[in-house]
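Novice: Read off the chains here:
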Amino acid sequence: MNKIYARPRSLKEVNTHYCPGCGHSTVHRLIAEVIDELGIREKVIGVAPVGCAVIAYDYWDFDCSEAAHGRALAVATAIKRVRPQNIVFTYQGDGDLAAIGTNETIHAANRGENLTVIFINNAIYGMTGGQMAPTTLLGQKSATTPSGRKAEVHGYPLKISEMLASLPAVRFVERVSLVSPAEIMKTKRAIKEAFSNQMNNIGFSLVEVLSPCPTYWGVSPKESLTWIEELLAKEFPVGRIK
Amino acid sequence: MSNKKILMTGNEAIAEGAIQAGCRFYAGYPITPQNEIPAYMSKRMPEVGGVFIQAESELGAINMVFGASAAGARAMTSSSSPGISLKQEGISYIAGAELPAVIVNIMRGGPGLGNIWPSQSDYFQATRGGGHGDYRCLVLAPFSVQEAYDFMFPAFTLADTYRIPVMILGDGIMGQMMEPLTRATGSKLQMINKPWALTGCKGRKPNIVKSFYMREGDLETANLSSQQKYRSIQKQEERYEAVGLEDAKVILVAYGTMGRICKGVVSGLRKKGKKIGLIRPITLWPFPNGVFKKLAARGRGAAFLAVEMSYGQMVEDVRLAVDGKLPVEFLGRAGGGVPTEEEIIKKLGRLK
Amino acid sequence: MAKITIDKERCKGCLLCISFCPKGLIKKSNKWNKRGSGFVEFQDNGECLACLKCALICPDCCIEVYK
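Residue numbers (the working numbering), protein chains in the order written: chain A, 2 to 243; chain B, 635 to 986; chain C, 136 to 202.
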């Protein structure tokens, strides 16, 4: 018998701290698989966020940097400008990319930096205990919206990917989800395209992944996939945006 | 580079000095009175194959410096007081991740938006941290356009050697004034190897650049290692200029533009037979404690007059160094006010 | 002829693999691993298709598939 599926080389043999059913674990693996398949492990430099994935660099087996909360795209911009021969990507959550980091995100996108951006949208702030995120849904309860998000007080869920797609220098934006093995394969394909784009000097490429947070949605891992299908993906439709 | 003299502003001298000292990444944002630095860099960086980015904000710029430095480049940013406040988080991260970087502050009047006149009101911010956590910046204070240029060489070398943020503390007068400058040849350039940099993990284990240590004890260990580094710097890198200390009854203590003005005061008064001296700190951190301690131990009854464009920041370091053994007085103006020679001489007269 | 192996020490007991196995070959164990987590076990009855659904959905890379 042949082994036809195993842990990718670029993912360390380390137990992660992520909750059971967390989307971070899955996407870390997909990124590692893509990097291995493209043969770029020795060229890649990853930039980790602040959030549950703050120690992503402990799970990947390639060069990585931290970044202050929200600033990953400024850090990555500079790394790529100084070392254009390397493949540089950021991995950011909804707070990192679309709250505190919005300015860095928009301007890196507007400058058309040749970067790959993996945006994990789980509509909540996990690490700090479940507070509202820019992408939290209307009516969704959180640690800072105990009665549920209200448009007139908290604004609407932020469609940052659609906003970025309106910038002329942004080349590729796709929204995907992790709700089934088939959708996971689509996520992997989108991530692969975002990395290939950088290798081919095509330009700013972003993949938004609708990702489960069973802990702070207050549901089981299986229910969290249904939560995405029935609620999150209705507000944030999957598909190619640009 | 020839030895002929050229006229340059302090700001441009800092930028050109950085280029000659191997800086190949600059990110900045416009703010008066340092706008000549990003403008100069926008022309000069492409000429030497470096990177210039006008960032979206001062805090974007400092985070770009973090990235460029992590990737092994000699990286610099510049700003003025309010913009330096914005950079404090980034500077703390640079210090925590043990990255080299050069940050230039051309100080202006504050607090808040203040005005665009010179000041020395960011001394505490520069030497006490400014950002969060137990860290230090090595702070250099030039007092002429020539020093503004020359100091860029040790700035980048010290930053790379110790893996520490280095701050160049100037002010609006120094940034804007024009003086003749002799540009150095490449002999002062000292490049340092960076095996820790992020260059892609070919042929080695992966590198991680971080300041985050969650396992019990790890952060304390990292901090102790940094503290050790700061102690070495304090032992080895104190720099200052001294005039007339052998017989001075009163010693002026001033840095940067105030050091320039005080040097003129000392020179003038010495011609009239007055026994006045000057200590001009060049490193503000590490503060040149050694020379003060020696004078205090001599117990010859000299007194110090600290003169600043502030309401009393550097004077605290003088008092700490002297440790109560000799009197320390202060004269200062800020909010754009500049102590004049006449005011200093008048104050000296009142001290006797 | 196909099978999977499940690393029970890595497994966090999220149970997603159980939902997606078309043959129902994965079951929750009533034991605990060294980390104090529940885990799942493969019931090898020769019907595994090596469809990869369990390995794909497993967030923690616990599953290796053999064909």
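No wet-lab data here; the hints were simulated from the structure. Since the model is a prediction, treat every value here as computed from it, not as a measurement. There could be a bad hint or two in this list.
What the hints assert, rightly or not - Here are some, though not all, of the chain C residues that point toward chain A, as calculated from beta-carbon distances under 8 angstroms:
| id | residue |
| --- | --- |
| 1 | R145 |
| 2 | L151 |
| 3 | S154 |
| 4 | P157 |
| 5 | W167 |
| 6 | E199 |
| 7 | K202 |
Each residue gets a CB set at the ideal place from its N, CA and C atoms; glycine is no exception.
Novice: Determine for every hint whether it applies to the structure shown.
Specialist: Tested hints:
Below 8 angstroms, beta-carbon pairs count as interface contacts, and R145(C) has one with chain A at about 6 angstroms; its hint therefore holds. Interface hint at L151(C): satisfied, since its Cβ lies 5 angstroms from the closest Cβ of chain A, which is below the 8 angstroms cut-off. Given hint, S154(C) at the interface with chain A, holds; its Cβ is 5 angstroms from that chain's nearest Cβ, closer than 8 angstroms. Proximity of P157(C) to chain A is violated relative to the hint, the smallest CB-CB distance being about 10 angstroms (cut-off 8 angstroms).
Interface hint at W167(C): violated, since its Cβ lies 14 angstroms from the closest Cβ of chain A, which is beyond the 8 angstroms cut-off. This hint holds: E199(C) has a C-beta 5 angstroms from the nearest C-beta of chain A, less than the 8 angstroms allowed. Annotation: interface hint on K202(C) holds; nearest CB of chain A at approximately 5 angstroms, less than 8 angstroms.
Hint compliance for this structure: hints 4, 5 are not met, and every other hint is.
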